[in-house]
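All chains should be built: construct the whole structure from the sequences, respecting the hints.
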Amino acid sequence: MNSPDLLTAILASAVLAALPLILAGLGELVAERAGMMNLGVEGMMLTGAAVAFLTMVQTQNFMLSVAAGAGAGLALSLVFAFCTVTLLASQVPTGLAIMALGTGLSSYIGKSLTASNVPTPSAFPIPILEHVPVVGPALFTLPIIGYLPFVMCGLLGWLLFRTRIGLLLNAVGESPVTAYQLGYSVNLVKYIAVLFGGAMAGLAGAYYSIGYVLLWQDGMTAGRGWMAIALVLFSAWKPLRLVLGAILFGATSALQFHAQSMGMQIPSQFLACLPYVTTIAVLAYIAFRTERHSDVPRSLGRTFHPLLNKLV
Amino acid sequence: MNANPWGLKLQPRVQPSNSARLLGPLFAVALTTVFLVAIVIVQGKSAAEAVYALIVSPLSDLSGIAEVLIKTAPLCLTALGLAFAFRANVNNIGAEGQLTMGGIGAAAVAIHVDPGASAGWVLPAMMVAGTAAGMAWAAIPALLRTRLNVSETLTSLMLTYVAVQMLIWITSGPWRDPGGMNIPETKLFPTGALFPPLSAFGWSFWDGTRLNISVLITLLAIPLAWLVIYRSYIGFRMSVGGYSARAASYAGFSAKETVWLSLLVSGACAGLTGVIEVAGPMGQLQAGWMPGYGFVGIIACFLGRLNPLGIALSSVLLALIDVGGSNLQMQLGMPSAMTQVLQGLLLMTLLSFDVFTRYKIVWNGAAGKKHVAKVSPNLETVA
Amino acid sequence: MPSRSQAASSLLELKGVGKRYPGVVANEAINLCVMPGQTHAVVGENGAGKSTLMKIIYGAVKPDEGVMLWEGKEVDFASPAETRQRGIGMVFQHFSLFETITVAENIELCLQQKFPKGEVAARIVTLAKRYGMSVDPKQRVGALSVGERQQVEIIRSLMLNPRLLILDEPTAVLSPQAVQALLATLRQLAQEGKAILYISHKLDEIKALCDCATVLRNGRVVGHVEMDSTSPNQLASLMTGHQLPSYTRRAKSPGKVVLSVKELNTTPRHLDEMPLQDIDFEVCAGEIVGIAGISGNGQGELLDVLSGERYVHGSDVVQLMGKPVGGLSPRQRRRHGLAYVPEERLGHGAVPEMSLEDNLLLTSNDQRSTLPLTRWGLIRTDEVRNRTRAIVNSFRVKAAGSESLASSLSGGNLQKFIVGRELAQQPNVLVVAQPTWGVDIAAAMFLRQQLLDLAANGQGVLVISEDLDELMQICDRIMVMAKGRLSPSLLTEEATAEQIGLWMAGLFDGHHDSAVQPSTTMGVAA
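Those protein sequence lines, which keep their order, are chains W, Z and U. Just so we're aligned, residue -10 is where the first sequence starts under my numbering, counting upward by one. Just so we're aligned, residue 422 is where the second sequence starts under my numbering, counting upward by one. Just so we're aligned, residue 5 is where the third sequence starts under my numbering, counting upward by one.
If you're looking for bench data, these hints aren't it; they were derived computationally from the structure. Each hint should be verified, as a subset may be incorrect.
[Claimed, not checked] If we take Cβ atoms under 7 Å as the criterion, some of the chain Z residues that face chain U in the derived model are:
# : residue
1 : Arg508
2 : Ser653
3 : Ala672
Ideal Cβ placement from N, Cα and C applies to all residues, glycine included.
Below you can see the structure in the form of structure tokens.
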């Protein structure tokens, strides 16, 4: 393989691997901007993957399956929202419980799916743009669902920074006490943000199982939900940075596939470690650049008690 | 604003309710059972059979009880270590990785020992190696947090995946059993590198089961953990750090000490658990080894409300469900993943019920301008 | 009380309003009547129930009993949004502003209607000019000073053209000059026909501004007076139920230096931190030294340095009894005789979720002289319990028991416990921040007397407080902290409010502070 082709191939792999990370990451980004830290992303992704795969096997309808996956993620996040926003439970253990629940549910549903397979989704190349050298084949020949993450990024970028809804979301994340004092329904905003996060996580899982891997494996997301959470930190809660970070992460997965063609003789397990080590390195890097502290939604992870009108 | 269609309202309590704290776990068990029954019925099976298979049949004979205990002890040990961390607000999600490294550390000793060599020092050496390996693996997130202020939640978890890859590599490559038909696992450990059964101490009651003396480790750990958490000054310092970093700083309690200690202790417990697993029921190191105690331990920890006695009880319950889950599969054809679902549900329902420790439900009789809210008896007029 | 015909034309009227929280009666049987165009004060000491009442009027809190009439007609205790529509604006005591967004964005969040982007900013500028304020719509609120933030609050409430404006303790955080500017703005509003409900415990301001006053004590109305016919002293006795507090002081000549700070300079570690410049002062045995100034001028940073929660280079920057302690931890400093009562009770000075006994252990295990509270690493629970009970008794702390949680105590009682805990360590130096903030009158008097007794006993006390009256009452010497710098010290007898006010603006050391805002028309840098 000559260099431009290799580069394109790596980029293509990176983008494909990045897509679920972007979806789940953008969802968590919105939730965190409202002050809600949902550690259950991995569980929601896995359940979304399982439900989508099951639906696909039974209906062969791609769009329906994707919607089903998103719905599964949404349902789990509804449980999270209910426990943390209405019942005022602590966000960290609740998120972990959702992760356990989601992982369990996906294994449960997935038991019957191991022998099944699903058709490859058809590519939907964008004319003209697909012929751009190097970048074209990587970015513009995706299946139709593959463009969703980028569309979502643009949409969120506009929503978060240019509209009143975004202003309110950020305000709630900074100080729910103040927002409540001003008369806004803080709980409603948090619910919507969390549900959006859940739907996106489910969507990411759905894409992963019926748009990418095309087989069922128990625990197939292998920590990608957690990487999405790390990505949100890396992105300083800004959608465009999240996309770029996800592609970087995707590249580490891509290296696994292309290592041999690049002439690297490294045991496959070492390469498999790359995404995780990269995550740690990236986290260390952001923490090192301390001014990021000012970007953190100030009430992140803390429970808002409306009746006491304070944060715990 | 607080418009509630059912006329029910939450009202803050002055002091947390002790009765709610005690009722919580019971409520969690009850509600989870309801969910189980619902799932079973939806699948067209008998609810009574399911509950029997899950809860009763594991305990119906000695070997069943032993199996539950075999799973309880390592779970409890891991969870006790994690309690240290979570009480100090240090989220060690990577205990599974520390456990894996503990197993690898123990195996490092075990496979390099002559099968016929005198057994006395081998097992203790394995325990030391495994515990140290677990601590070392936990030291990485500790270092990152204290030096660079990186959240240990994500780093410890990422390291778990790394540890799993290391396990696969080491059992497929360097330590693969040469006489073993290319399966990624080490050779079987010599007897000297395994925990002897309880009859070694003269307790032949458990003969024929897989229970070994490693249960004693957990039995010792429970009161020790209780003592350190509730009665020691260091436990106090770490709890303060968990409640309020600012108050801890005011008191002069070192945040770094808290982070290091909690991660090292939980890493050590997880590592030791890894040793118990590989030098116990497994007797070797396998690529696919993932007992899950590192994750279920988190559930046991919170289910037990970060209290050693509570953790012990929850560990029994969770282990019971685990063993029962395989029964469900064998007898009713339901996937054993039901265990994980139930474990997640238990934690979820407990956390949901906890709201009642801080609030009570109040009936909003006439939703309108004039109504008197219930107040607690000791009114204190604002002076 | 207004007659029937007057009542018919009242703007806002409350009848029989009551509100209870768990363990506390905030308001009971409140009757209030505000006429159109009237400047009406609601007066009372800390904890009298003023804030709760205002939140009820504004709709942020629902009362348990009572009726509200607006323009003579009975209305619902609505949400804040509806109350704003009705024509009531409120300027909160603790500002309802989001720090990470701009002034214009903050104000936008308050408006129900959607204005096109530029229009909000334009209206802000117009309103600001009209009332003598200077506010830049595009500035991030986090970068504004306290006085400027209050101006944003006022403009925000004026945006909807309210008929009644409620201000909750507006001058608590202002320098004397800024107070005058505010009063001028309010007079202008009153002249335009707006009614003002002014909540305060500052009697001279009320006398200067208001037409009448309703006095609250212990959650109840104890009187309604016309300001022309009432003196501040009369108001004071209505408020407190007895004469103005007086304290027993013993004249004592200061002894040797117990605490000294030399050439303290810090660099800010994050965005909203104030750098300290050339801080230099001493506290001697037997004296009470006060540092006045509005929060946010470096007090927090100074306190962190003194307590040991923040390290600085140079171990003799801070010295206790002549020994350099700059590199020592808080626990080590306690062993050297320092005790510290932080500004924030819950979350800093005490852990809310822990019992009083545990909170005792928080700082008391470092005592030099008495028996330690731990042995072989284990806590001696009996000893801890005994000590806790001793403090609860001697400081008359109202608590259910030594095991009760810190969060269950009222502000005054918790503060008494914390101060008692620190005094029980028999320190050489006591540093205390905002000692009576949010504390009821009886406890406040008790605590101030404790500080005086401590000094009389030969210990040194450093009090950092926003409450100038308090400092004037108990301190021997006063300094002012402004923008990270410390003024020279002044004997209390020789200090005047004007002088202090000037120093609060940073105008000391004989040259003008370059940080004074040139654009403020009233010469205020608050």
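Hints violated by the structure (listed by number, smallest first): 1
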